[in-house]
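Trainee: Using the sequences plus the hints, can you model the full thing?
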Amino acid sequence: MKKNLTLLPAILLTTWLGCGGNQEATAPANTGVNGENAEKTKGIIAYTPQTLSNPFFSVIGDHIRAEAEKNGYEILIVDPDYDVKKQSDQIDDFIAKNVTAIVLVPCDRLSVGPAVQAANKAGIPVFTVDAKCAAEGAEIVGHVGTDNFQGGELAGKAMIEALGEKGGKVLILDLKRAHSCVLRVDGFKKVINAHNKEAEGKIEIVSELDGNGDRTKGYQSTADALQAHEDLDAIFAINDPSALGAYTAVKEANREAKIKIIGFDGQLDGKQAIKDGKIYADPIQHPDKMGKQIVQLVIKYQAGESFEPETLIPATLYTKAEADQDPELK
Amino acid sequence: MKNLDTGKLLSDYGNVLVLLLLCVVISVVTLEEQSPRSTAAAENLATIIVGDAGKDANILILVRRGEGQQEFANTLKNTLSKADLNVIDTVVGTPADARAALEKQTEPLDVIATDEHMAAFCLEQLPKLAKKYPTFANTTAYQPKKHLWPNFLKKENLLNVLKQISVVAIIAIGMTMVIITAGIDLSVGSLIAFSGVITALSIQQLSGGADPTTGHLVLGCAAGILVCALIGMGTGGLVTLFNIPAFIVTLGVMFIAKGLAFIFSQSAPIPIANEGFAWLGRGSDLMGLPNSVVLMLLLYGIAHVIMTHTSIGRYIYAVGGNPEAARLSGVPVKWILVFVYTLCGLLAGLGGVMEASLHITGDPKSGTLVELQVIAAVVVGGTSLAGGQGKIFGTLVGALIIGVIRNGMNLTGVEAHMQSVVYGVVILIAVMVDQLKNRAQKTN
Chain A
0 MKKNLTLLPA ILLTTWLGCG GNQEATAPAN TGVNGENAEK TKGIIAYTPQ
50 TLSNPFFSVI GDHIRAEAEK NGYEILIVDP DYDVKKQSDQ IDDFIAKNVT
100 AIVLVPCDRL SVGPAVQAAN KAGIPVFTVD AKCAAEGAEI VGHVGTDNFQ
150 GGELAGKAMI EALGEKGGKV LILDLKRAHS CVLRVDGFKK VINAHNKEAE
200 GKIEIVSELD GNGDRTKGYQ STADALQAHE DLDAIFAIND PSALGAYTAV
250 KEANREAKIK IIGFDGQLDG KQAIKDGKIY ADPIQHPDKM GKQIVQLVIK
300 YQAGESFEPE TLIPATLYTK AEADQDPELK
Chain B
0 MKNLDTGKLL SDYGNVLVLL LLCVVISVVT LEEQSPRSTA AAENLATIIV
50 GDAGKDANIL ILVRRGEGQQ EFANTLKNTL SKADLNVIDT VVGTPADARA
100 ALEKQTEPLD VIATDEHMAA FCLEQLPKLA KKYPTFANTT AYQPKKHLWP
150 NFLKKENLLN VLKQISVVAI IAIGMTMVII TAGIDLSVGS LIAFSGVITA
200 LSIQQLSGGA DPTTGHLVLG CAAGILVCAL IGMGTGGLVT LFNIPAFIVT
250 LGVMFIAKGL AFIFSQSAPI PIANEGFAWL GRGSDLMGLP NSVVLMLLLY
300 GIAHVIMTHT SIGRYIYAVG GNPEAARLSG VPVKWILVFV YTLCGLLAGL
350 GGVMEASLHI TGDPKSGTLV ELQVIAAVVV GGTSLAGGQG KIFGTLVGAL
400 IIGVIRNGMN LTGVEAHMQS VVYGVVILIA VMVDQLKNRA QKTN
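For the protein sequence lines, the chains are A and B, in the order given.
The first sequence: position 229 = 228 (numbering that gives the first Met the number 0), numbered continuously.
The second sequence: position 64 = 63 (numbering that gives the first Met the number 0), numbered continuously.
Treat the hints as calculated values from the structure; they're not laboratory data.
Quick reminder that beta carbons are idealized off the backbone N, C-alpha and C, glycines included.
Among these hints, one or two may not hold up.
Stated by the list, open to error - Partial list, computed: chain A residues near chain B (C-beta under 8 angstroms):
no., residue
1, Leu51
2, Ile76
3, Val77
4, Asp82
5, Ser87
6, Asp88
7, Gln89
8, Ala95
9, Pro113
10, Lys120
11, Ala121
12, Arg176
13, Glu251
14, Arg254
15, Tyr300
Stated by the list, open to error - Restricting the straight-line Cα-Cα distance to at most 20 angstroms, the calculated cross-link-like pairs of lysine to aspartate or glutamate (DMTMM-like) are:
no., chain 1, residue 1, chain 2, residue 2
16, A, Lys274, A, Asp323
17, A, Lys120, B, Glu123
18, A, Lys299, B, Glu123
19, B, Lys127, A, Glu304
20, A, Lys85, B, Glu414
21, A, Lys120, B, Asp96
22, A, Lys120, B, Glu66
23, B, Lys130, A, Asp323
24, B, Lys131, A, Glu304
25, A, Lys189, A, Glu199
Mentor: Right under this line is the structure:
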């Protein structure tokens, strides 16, 4: 009995040490009484995205890491897995660790507020990437995001090009609870409406369904819409996973020759699908630039320099022509 | 004989030992240089500066804004002024404020007294500024002497750990009782979301669009908790009246409550328009202890008394140990079962209110998978899933073990998927120990 119980801590200990290995690298250098002596690091930048299982956020994280380390900062990355409670706990941990700056992709634009306020109270500057924090009284120093409305306009233009002179019937797969995705649809509709005022072949939005931003729901909703609309010509999905789900449904119904799909994001599998002709085009975001620029904001803040509190990076359109040139793809 | 006693001691308090050991290990791996921010540190720093700098030296105090920083700066200023040094300006603010203060400097500056963060600013910016402005040619920046101390053992971090486990630990009280009766309750995570949504909606309804008063907040919370207690009672009723396994009943309730939370809230978090609502989740009134932690400790005290000193406690153990024998010896088995599920629902409702308070929002997405964390805390705490045995304080220790591991891994930046692996390993080890303990008792 005793033997078993002494074994337990030993196993825990090895597990612990096995995964806490990066600790040595983060130990700061010794500083003398006067702070003049050079420190090895300038401080810690902590990053908590919505999830790391979405490549979009991990690419942002990779570029935050690269840019931060290039400029002498340490980096701490954690994964709240879409759970705002976990994210708030992580922010509390960052405060206890007394980090230099917090970079955040809010899991929920309102509920994360009290945690941001706690960081404000501790004097730690908070930055947001991609999604904004809309909680009252929560102070965000800087934001870098994608111009989602402009991205939606690009999708609209691509749709007009894809459907040609005849126009046609379009399904939208949206995600209403994400503000960024609502903006994408707004931009899309603006271009389509302007087009319909002038052009002969009208583009008609016949249905707007929830695609939940994932493959499963994107597939289900599209399958239902295909039943309801025999003459559907195209689909606009607000991100790649739901666009790929839509493709599965279209393929299952043997209508992939007729129905054009436009996605959003430019994740690797989305780009591959464009190359393979499954998706017509994507307005793509630039997570690499987002990661880099947010660190630049942190550096400017730390140096006491002035900067624009909000930077929106324009989306660019990615079609088969770009995909064929892309060295990342097979 | 003596050997046997230590064996029993270990099996009773084995998880306390594990907790202590974990704390030691985490303390070692989170050992880091700390920059003190107390007023005593400010006095020390001032004394050093007085020793180094000549009389009439020009001094600027730069401190990053934040809690307690103003006192730090004031102490510096007072101590330095008393020693006849010339404190030109005191800035408590952002790096931009610091830059502005430096750039408007006209007289030659001898010393900048700073804290850790502004020291980093000075280190980088002073050489650049010195090129532009001759006033900084001979400026030296001073910061408090650093010392080694684990991030884990900082007071605010330990309080963080307690605060973070409070919701899971409180619900785990009810879950412990349910599991001791050889049942299970999978609905508690969904009830967190449901209770939060009901609370937020009730507050909205009661205040009728205006800013809610404290009375509205209390009534709203009561509504959320009461509804969940009723749902728990219903669960208990189904388990006893229709003899359906608790796993199935609570699985059903889990889906229903989750769905209703989304329907009632129309899938969007409901904000509560009164900052006072954060009192329970984020406030700390009693000697700096967070209110949620005080509540947790209080409830554990009460639950311990119930389980060890009342007949209800004895009945709960009896029902789990051998329901037939309990029934024959006059234990009201059905009532006891209804009681534990009601209590579990009530505590889940309370957890939901605490969660809503933490975020000042009723969020239908909250509480996801919390039921598994709660069950993990109970199991790691040494309660047997077979029923009949377990200790309330064991569950608290179980929740602490999980909370401490989580906090330690976040402090050291362990990657998220590895965190999941470690949780899994801890739970498996706990169950293994539980099994071995049972086997050892049987062979005795």
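Trainee: Please go over all the hints and tell whether each is borne out by the structure.
Mentor: Results of checking the hints against the structure:
| no. | hint | verdict |
| --- | --- | --- |
| 1 | Leu51 | 6 angstroms, holds |
| 2 | Ile76 | 7 angstroms, holds |
| 3 | Val77 | 6 angstroms, holds |
| 4 | Asp82 | 6 angstroms, holds |
| 5 | Ser87 | 7 angstroms, holds |
| 6 | Asp88 | 5 angstroms, holds |
| 7 | Gln89 | 6 angstroms, holds |
| 8 | Ala95 | 4 angstroms, holds |
| 9 | Pro113 | 6 angstroms, holds |
| 10 | Lys120 | 5 angstroms, holds |
| 11 | Ala121 | 5 angstroms, holds |
| 12 | Arg176 | 6 angstroms, holds |
| 13 | Glu251 | 28 angstroms, violated |
| 14 | Arg254 | 31 angstroms, violated |
| 15 | Tyr300 | 6 angstroms, holds |
| 16 | A:Lys274 with A:Asp323 | 6 angstroms, holds |
| 17 | A:Lys120 with B:Glu123 | 25 angstroms, violated |
| 18 | A:Lys299 with B:Glu123 | 12 angstroms, holds |
| 19 | B:Lys127 with A:Glu304 | 13 angstroms, holds |
| 20 | A:Lys85 with B:Glu414 | 14 angstroms, holds |
| 21 | A:Lys120 with B:Asp96 | 17 angstroms, holds |
| 22 | A:Lys120 with B:Glu66 | 6 angstroms, holds |
| 23 | B:Lys130 with A:Asp323 | 51 angstroms, violated |
| 24 | B:Lys131 with A:Glu304 | 15 angstroms, holds |
| 25 | A:Lys189 with A:Glu199 | 17 angstroms, holds |
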